[in-house]
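There are 6 protein chains.
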Amino acid sequence: MKRGIGYSAVGETFDDFLLIKEATKGTTSNGKPFLTLILRDATGEIEAKLWDATTDDEALFIAEQIIRVTGEINQFRGKNQLKILSVRPAQETDGVKLSDFVEKAPVDREYLTEKLTEAIFEMKNPVIQRIVRAFIKKYQEGLLTYPAASKNHHEYASGLAHHIVSMLQVARELSKLYPQVNKDLLYAGIILHDLGKLRELSGVVTTTYTLEGKLLGHIPIMVEEIGLMARELQIEGEEVLILQHLVLSHHGKAEWGSPTPPLVREAELLHLIDLIDAKMNMLNRALDKVIPGEFTDRLFAMDNRAFYKPLFEEK
Amino acid sequence: MKRGIGYSAVGETFDDFLLIKEATKGTTSNGKPFLTLILRDATGEIEAKLWDATTDDEALFIAEQIIRVTGEINQFRGKNQLKILSVRPAQETDGVKLSDFVEKAPVDREYLTEKLTEAIFEMKNPVIQRIVRAFIKKYQEGLLTYPAASKNHHEYASGLAHHIVSMLQVARELSKLYPQVNKDLLYAGIILHDLGKLRELSGVVTTTYTLEGKLLGHIPIMVEEIGLMARELQIEGEEVLILQHLVLSHHGKAEWGSPTPPLVREAELLHLIDLIDAKMNMLNRALDKVIPGEFTDRLFAMDNRAFYKPLFEEK
Amino acid sequence: MKRGIGYSAVGETFDDFLLIKEATKGTTSNGKPFLTLILRDATGEIEAKLWDATTDDEALFIAEQIIRVTGEINQFRGKNQLKILSVRPAQETDGVKLSDFVEKAPVDREYLTEKLTEAIFEMKNPVIQRIVRAFIKKYQEGLLTYPAASKNHHEYASGLAHHIVSMLQVARELSKLYPQVNKDLLYAGIILHDLGKLRELSGVVTTTYTLEGKLLGHIPIMVEEIGLMARELQIEGEEVLILQHLVLSHHGKAEWGSPTPPLVREAELLHLIDLIDAKMNMLNRALDKVIPGEFTDRLFAMDNRAFYKPLFEEK
Amino acid sequence: MKRGIGYSAVGETFDDFLLIKEATKGTTSNGKPFLTLILRDATGEIEAKLWDATTDDEALFIAEQIIRVTGEINQFRGKNQLKILSVRPAQETDGVKLSDFVEKAPVDREYLTEKLTEAIFEMKNPVIQRIVRAFIKKYQEGLLTYPAASKNHHEYASGLAHHIVSMLQVARELSKLYPQVNKDLLYAGIILHDLGKLRELSGVVTTTYTLEGKLLGHIPIMVEEIGLMARELQIEGEEVLILQHLVLSHHGKAEWGSPTPPLVREAELLHLIDLIDAKMNMLNRALDKVIPGEFTDRLFAMDNRAFYKPLFEEK
Amino acid sequence: MKRGIGYSAVGETFDDFLLIKEATKGTTSNGKPFLTLILRDATGEIEAKLWDATTDDEALFIAEQIIRVTGEINQFRGKNQLKILSVRPAQETDGVKLSDFVEKAPVDREYLTEKLTEAIFEMKNPVIQRIVRAFIKKYQEGLLTYPAASKNHHEYASGLAHHIVSMLQVARELSKLYPQVNKDLLYAGIILHDLGKLRELSGVVTTTYTLEGKLLGHIPIMVEEIGLMARELQIEGEEVLILQHLVLSHHGKAEWGSPTPPLVREAELLHLIDLIDAKMNMLNRALDKVIPGEFTDRLFAMDNRAFYKPLFEEK
Amino acid sequence: MKRGIGYSAVGETFDDFLLIKEATKGTTSNGKPFLTLILRDATGEIEAKLWDATTDDEALFIAEQIIRVTGEINQFRGKNQLKILSVRPAQETDGVKLSDFVEKAPVDREYLTEKLTEAIFEMKNPVIQRIVRAFIKKYQEGLLTYPAASKNHHEYASGLAHHIVSMLQVARELSKLYPQVNKDLLYAGIILHDLGKLRELSGVVTTTYTLEGKLLGHIPIMVEEIGLMARELQIEGEEVLILQHLVLSHHGKAEWGSPTPPLVREAELLHLIDLIDAKMNMLNRALDKVIPGEFTDRLFAMDNRAFYKPLFEEK
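Residue numbers (the numbering used here), protein chains in the order written: chain W, 1 to 315; chain L, 1 to 315; chain V, 1 to 315; chain X, 1 to 315; chain B, 1 to 315; chain Y, 1 to 315.
One chain only, chain W, in its complex shape:
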């Protein structure tokens, strides 16, 4: 029974399809060319070396190519490595497709669409609702497929929508407990806050930063987008400015990328809900991998802390 590369243990053999995520050429100290491949399926990734690589190999085994590999799982410097015994590019007749090799959100597209629609229906302020609706229409495909980040949290297909929908649920409950909160504004802030990532990041499969991602970043990109959209929809009024402020301030501090800190109640709350959902996503996924009585690996985006799972937790 196939379990995927993320669950393979040292000493096991492996015989299945994998996607090449990265391929880098190298030369051994005695002058022979080889390829370092990062291979992945939906469960995880592993490094492999292709020794004595020919020029043909270099042209064949490139990023986004699916391959059929047999090999053994070894360990090198504390990390698993796949020792390749045989390898060939996948063919059309193999019936495998790129999307099978990508980690996905634990909920499906229909669920995400439904939850987004639900949130928009709850809105009462027509201006805010119109702007949000227009963005969902404009970015529908990317919104439902992109990851929320290239690493750290929700870094999987549909991660962005998963993050948004999860934040919306937190927002709904907090709005009940703190009834002064303007729910329309908060919902809109949640849906729009990271949409700039659709232009900041290169795509779903091999997620890197685009040029405008590097030179501007998703926050200024999205502030500009809201201004353009308001002009297109011929909307005026403070709602536009406040929505731009929510997006601009959602990282909370200048050092963290928000040149203006939150100065509106819902902006502060948006920042806190973003923190909670990102942290719970990282924590839950890391703790799922350890048994009670153990610590997780150090989590870089949580100040490099390793977290403990108490013995009295269920396994």
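I should point out that these hints are in silico values taken from the structure, not numbers from a laboratory.
Since this is a predicted model, take the numbers as computed values, not measurements.
We put the beta carbon where it would ideally sit given N, CA and C, even for glycine.
Be careful, since some hints might not be right.
To be verified - From chain X, some residues computed to sit far from chain B (all C-beta separations above 10 Å):
1. A23
2. A42
3. F61
4. E72
5. Q75
6. D94
7. G95
8. S99
9. N125
10. V170
11. L211
12. E238
13. R265
14. E294
15. P310
As the list claims (entries may be wrong) - The list that follows gives simulated cross-link-like pairs (lysine-lysine, DSS-like), each with its CA atoms no further than 25 Å apart:
16. B:K32 to V:K79
17. X:K151 to B:K289
18. L:K151 to L:K279
19. X:K137 to X:K183
20. V:K49 to B:K289
21. Y:K138 to W:K214
22. V:K279 to V:K104
23. Y:K104 to V:K115
24. B:K183 to X:K279
25. X:K176 to B:K253
26. Y:K289 to Y:K253
Claimed, not checked - The following residues of chain L were derived to be distant from chain V, with all beta-carbon distances above 12 Å:
27. P33
28. D57
29. Q91
30. D94
31. V204
32. R231
33. T260
Here the structure of chain W is known, so what remains is to put chains L, V, X, B and Y in place on it, guided by the hints.
Frame of chain W; chains L, V, X, B and Y shown alone:
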């Protein structure tokens, strides 16, 4: 109709009972003694000068004394001041009592007790439940009357219980959204996290720091209390250590008073819920005082920010 | 001979027109109303108290009103104060106008216009030139009248244009010394970098922050403006992105308000030239006021340093 | 003549007993298992590889096992490595014991006991004396055998007692020079300040952090212990609180693990004496290893500085 | 019986000589001139106002003038103030001299000279000894009269020598406990480390910063002095460089004024001994003024902490 | 055609002279000795391994030896490496000299001398001119040959003079634009500011830190030198102090090595011009190596940023 000192406007006359919160002796530059009084009722506080104070006055008009004052509301250096026209100490026959002059939580004692009891009933881990129950029994009176802090957030009578109950509600909803969370542990952390303030702060009416509050602080005090309680109840097991860790780490960072950062999922979540509830309390109370289109005063504990109330908010 | 309020010494009498910059009501400790006025002309400003102010006075003596005052220059807590002996509002027949009471750049409008035009003529890249030209047309009036800031440097009428023109001169010379620099890009960055202040600041006379100035700030405002302008001019190409990057990064660091640091040569140079011109403006104006052998006042925006003028400098 | 592994030079052969401190399994890139061993005796430690390790080897060569090794000292990436030629586990008849392979304090147990006793005899405050005596009794064994830390300073057997006794000597002299110092309090603070390490660290031989060490840390552990001990001894009075404060504040700052900074004279002095003794221990041991005219290695716990030994120092 | 101004209590009358430390002119809001005087004797200082000051008064009552005052001790904004009833300048026949009004070290000049001589006699390295001897000769007068600082610690006449002698005693004892320490070097570092203050500070009575004090600071001044002295004495060898390093690094960190941190054992120890003696001086003097059970005022140079004197301390 | 090692590509053969910059001995895991060589010519550097090195090889192939090598360019861990096929030390008859293998400033010695002379001729203050002239005479050789730093900017032969001359040109232009600047002072500051590096750094070819460089640093060294020079030239007056201040403060902040920040106009400007010239040197050299549309490597001394070369730049 009496509205309380917190709502008096410059130019108005005032004739009612007030509590002396602080009384300080001074001497004018031409050598005459006077008293500076901070006076308060349940709606707010105001400064007043008692000129030409006699030695009798100094003995009579001291902190925690209730007085009957008539006077006018003036302004001095941008702050309101009460110009005293006549003043006398309250007598038994006046029928006023100290607790009438203290700001109170917007919910009553019964409600708070009920909500705490409810949370304990929901707990399934018997060890955690026993410890929490024992603390609620030990500190029942203080827990229901103390403020959560001497200033900044929930700084009113029953503020501590109000903060706890509000956090418990947030915790209940987040536990549903993130089902991996150990609700018993999170509830217990919330109920216990600030109980050390019952020893750190001097009391309900004139809240100052005690000697052990200054030399140890509420966090180490409470870590020790949990250890003592476990010994008294003859409880062993990791629950005790984990509860101590939750209390110890709930300020999140060494610079903020937690020598160990959160290293357990519920410790991280406790820290975040504490942040949310404290911030929403400060924000809602500050925004309640301004009309749409205005900024609040600068809020010291929110990085000195002034918050804006959008025009499209209801007044 | 009239020298202006900025040059009046303690003990002198004063008899001239002044502009009310700020007027605040107060009440003395014995209950009498008064007004605190900040008065100014083109040479500086001074505080004055108007005792026993009537309701009429309060309505009459408000911000932006010009008044005729006679009084004496006293000193109070180390600062000069004008003791008002008589005061009346200016009348039409007095022939004074608001713009006479405002500090101005040491160069005139024609000079500034000419220098800006010169810079645009030097540009060779048609795309960059078109965008800059369009902004100069759009904001011509504000660009030539606004201060560069509400305080610290170039905080006077036409200060923004003065700052830009001065930076352009530095840029021209540095471009000769470092010929790899793209002069078009650098010039464009200089002209556009602070244009967002026309929306961030309220105006020339009493310069405060607008709502969008507070909630967004001039940097995100201008990044959005460049995007909108490019769309209006139907311009595409990397120039637009790079210009947005220059504006976005010109404060140099996230902590200083640039969420992205300079990542293009001309962006780094723009930041440095901005620093030089702002600092030289502050330093030269502060050192002009002291004689050799003395220190200036502490300059807040120069890390609170007081600067020394060596004895061997000419007075 | 045997000199120990810490003094072996590259190119020499080695034939003696060593203790396995750590053993980690690995697999070569061609799939063969090996063991990486960290071996030590009382003079130092060295890495070794055991190639082609069988399953038996993996069970045999584990942490805390003493082995007999012959091999050669090689160098790999700038660090010495032991090339194993033959190896076997030690047998009972070899007459070697674990404690022979551990670095020890340069003074013996009797000396340390005597000096501690001496300090207690000097105390005049009966309450302080009783508490200290009770702790020395409770933790006698650990106190005399534990290291003061897992690395950096006094990281050897009996290092904790060595650190305490050395600090007591400094304290005695400083108390003479600054006679206002309360010597009883300072002595007690010195003896108790790091006792929490007996629960924070796992033991003498392979020193790691325990679970309560990680989740609480030695400072909160010891604050709690003092509270418990006072209750057991039925002691009340400010001495208990002040001792807890000394322990709590001895790292000097929140960022360094003391949520409350020193607020009592002897607390401040305890912090400074702790600094001096830890730094002199690190400096002296590092400088002993270099000749005049050389720099030491970088010392991580001294801000990564390398220290210079002047030419005019005796070798 | 005369006790000095530092011990006067509110309500007492005062009739004695005082030194004017500072005199500043002011004008009341109704235009009348007055003088604000800071008056002192050897026990402390107090503020006084001289109302209706004539031009003659302004010329007479200036800094460093001794006056005879009768008055009453009042309180103004929480600080004592002397209400002047009569005042006249001291005359020659009064037999008072400036040095009577200055706070002095608690030990006399002979003691300080003796202790310095003793330290030099203990030195064995002839080069180090010669340099130190030459500096003591060059700066004898200033060394024995200057304060160690203009405020914070040892800020009294002969404070510098008192600080040095106290540090020498600590150094002697620590050298015994840590015999690896080069005592000659440490002694020399202690004697020289702050000698640059003789050029940085203006003098004993009214201590301000000189121009070279502000533009260079005592550390670079003294590094240069050692270089010049070595050249004058025709001394070469590493001792000169190491002494310069000790002076340069004695503030411990770049942020604290040492561009190079300590990189020699005795440099590190010099920094620590400097810290201890400065802190003990501040702490002991502050704690002497409070009774057991009280906190001191906040000590600015001790991170603004207020220190507690335990109840079990002798008064 | 020979292009130099800096331009060699992977796969090419190499046959030319190179200079050994560093030689380090190593031992392979199977016990065989080898040498790691860093080889360079005027265009760049490369690493090479000399396997099976004999004792003779170790004596022959040392730093500053020129060798004749044939080999192939390989790649190892992302960096180029030279695989040595044959190697021999250069002989006298080869006609190669060390200076051929060192990177040089892009302008020659005559040009640099002329520009320095020109600057001195422009000076009008005779005191400043005399000091600068004396230093140029004293350090003529080093000034014209040393690098400005051991890495980061102007780190090549004559880099110091190149940096100075480039800064002088910027200073000349800025002095015209800000005519209040004292050009003599600014020029002198520029010429002297880094002269201490002639004692801080070991030399032109293999640039390391000297002992006094490590223990004092170039800034305190140069402050002392100016004092000594003034004494030699029997110059007094504020110019000496101000020049020392310019050197002392030119790093701008205590954290960056200037214990006193700039407090004179020309000191501030010196700091800014130093920044500009260093940054433009780093940026221009890094951007010269990439084509439009690419990013440079991360530049460590520019906060680790990678810079982008826009597509519209000429290649």
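Each hint tested on the structure:
Non-interface status of A23 of chain X relative to chain B is upheld: no Cβ of that chain comes within 10 Å, the nearest being about 37 Å off. With a least CB separation of 21 Å from chain B, A42 of chain X remains clear of the 10 Å interface cut-off, as annotated. With a least beta-carbon separation of about 39 Å from chain B, F61 of chain X lies farther than 10 Å from that chain, consistent with its non-interface assignment. Listed as outside the interface, E72 of chain X is consistent with that label: its C-beta sits roughly 35 Å from the nearest C-beta of chain B, beyond the 10 Å cut-off.
Chain B leaves Q75 of chain X outside its interface by the beta-carbon criterion, the shortest separation being 28 Å against a cut-off of 10 Å. No Cβ of chain B comes within 10 Å of the Cβ of D94 of chain X; the nearest lies about 37 Å off, and the non-interface call holds. Residue placement check: G95 of chain X keeps its beta carbon more than 10 Å from all beta carbons of chain B (closest about 36 Å). Its beta-carbon lying about 28 Å from the closest one in chain B, S99 of chain X satisfies the requirement of being farther than 10 Å from that chain.
A beta-carbon of chain B is positioned within 10 Å of the beta-carbon of N125 of chain X; the least distance is around 7 Å. A beta-carbon of chain B comes within 10 Å of the beta-carbon of V170 of chain X; the shortest separation is about 6 Å. In this structure L211 of chain X is separated from chain B by more than 10 Å, as the shortest Cβ-Cβ distance comes to about 34 Å. With a least CB separation of 5 Å from chain B, E238 of chain X falls inside the 10 Å interface cut-off, contrary to its annotation.
Non-interface status of R265 of chain X relative to chain B is broken: a Cβ of that chain comes within 10 Å, the nearest being about 5 Å off. Non-interface status of E294 of chain X relative to chain B is upheld: no Cβ of that chain comes within 10 Å, the nearest being about 12 Å off. Some Cβ of chain B comes within 10 Å of the Cβ of P310 of chain X; the nearest lies about 5 Å off, and the non-interface call is violated. Proposed proximity of K32 of chain B and K79 of chain V is supported: the alpha carbons are some 15 Å apart, at most 25 Å.
For the proposed pair K151 of chain X and K289 of chain B, the alpha carbon gap of about 43 Å is over 25 Å, so the pair is violated. For the hint linking K151 of chain L to K279 of chain L, the alpha-carbon distance of about 13 Å falls within 25 Å, and the restraint holds. Among the hinted pairs, K137 of chain X with K183 of chain X is consistent with the structure: their alpha-carbon atoms are about 21 Å apart, no more than 25 Å. Restraint check for K49 of chain V and K289 of chain B: not satisfied, since their Cα atoms lie roughly 43 Å apart, outside the 25 Å limit.
Restraint check for K138 of chain Y and K214 of chain W: the C-alpha separation of about 49 Å exceeds 25 Å, so the hint is violated. With a C-alpha separation of about 18 Å, the suggested pairing of K279 of chain V with K104 of chain V holds against the 25 Å cut-off. Between K104 of chain Y and K115 of chain V the CA atoms are separated by roughly 40 Å; this puts the pair beyond 25 Å, and the hint is violated. Taking the CA atoms of K183 of chain B and K279 of chain X, the gap is near 17 Å; set against the 25 Å cutoff, the hint holds.
Between K176 of chain X and K253 of chain B the CA atoms are separated by roughly 30 Å; this puts the pair beyond 25 Å, and the hint is violated. Pair hint K289 of chain Y plus K253 of chain Y does not hold up; C-alpha atoms about 32 Å apart against a cutoff of 25 Å. The claim that P33 of chain L lies off the interface holds: its Cβ sits roughly 16 Å from the closest Cβ of chain V, which is beyond the 12 Å cut-off. The Cβ of D57 of chain L sits about 18 Å from the closest Cβ of chain V, beyond the 12 Å cut-off, so the non-interface label holds.
Distance to chain V confirms Q91 of chain L as a non-interface residue, since its nearest Cβ pair spans about 29 Å, more than 12 Å. Consistency note on D94 of chain L: stated as away from chain V, and its beta-carbon is indeed over 12 Å from all of that chain's, at 28 Å minimum. For V204 of chain L, the shortest C-beta to C-beta distance to chain V comes to about 32 Å, beyond the 12 Å cut-off, and the non-interface label holds. Every C-beta of chain V lies more than 12 Å from that of R231 of chain L, the closest at about 48 Å, which supports listing it as non-interface.
At the 12 Å boundary, the C-beta of T260 of chain L stays outside the reach of chain V, the nearest C-beta of that chain being 28 Å off.
Checked against the numbered hints given earlier, this structure breaks hints 9, 10, 12, 13, 15, 17, 20, 21, 23, 25, 26; the rest are met.
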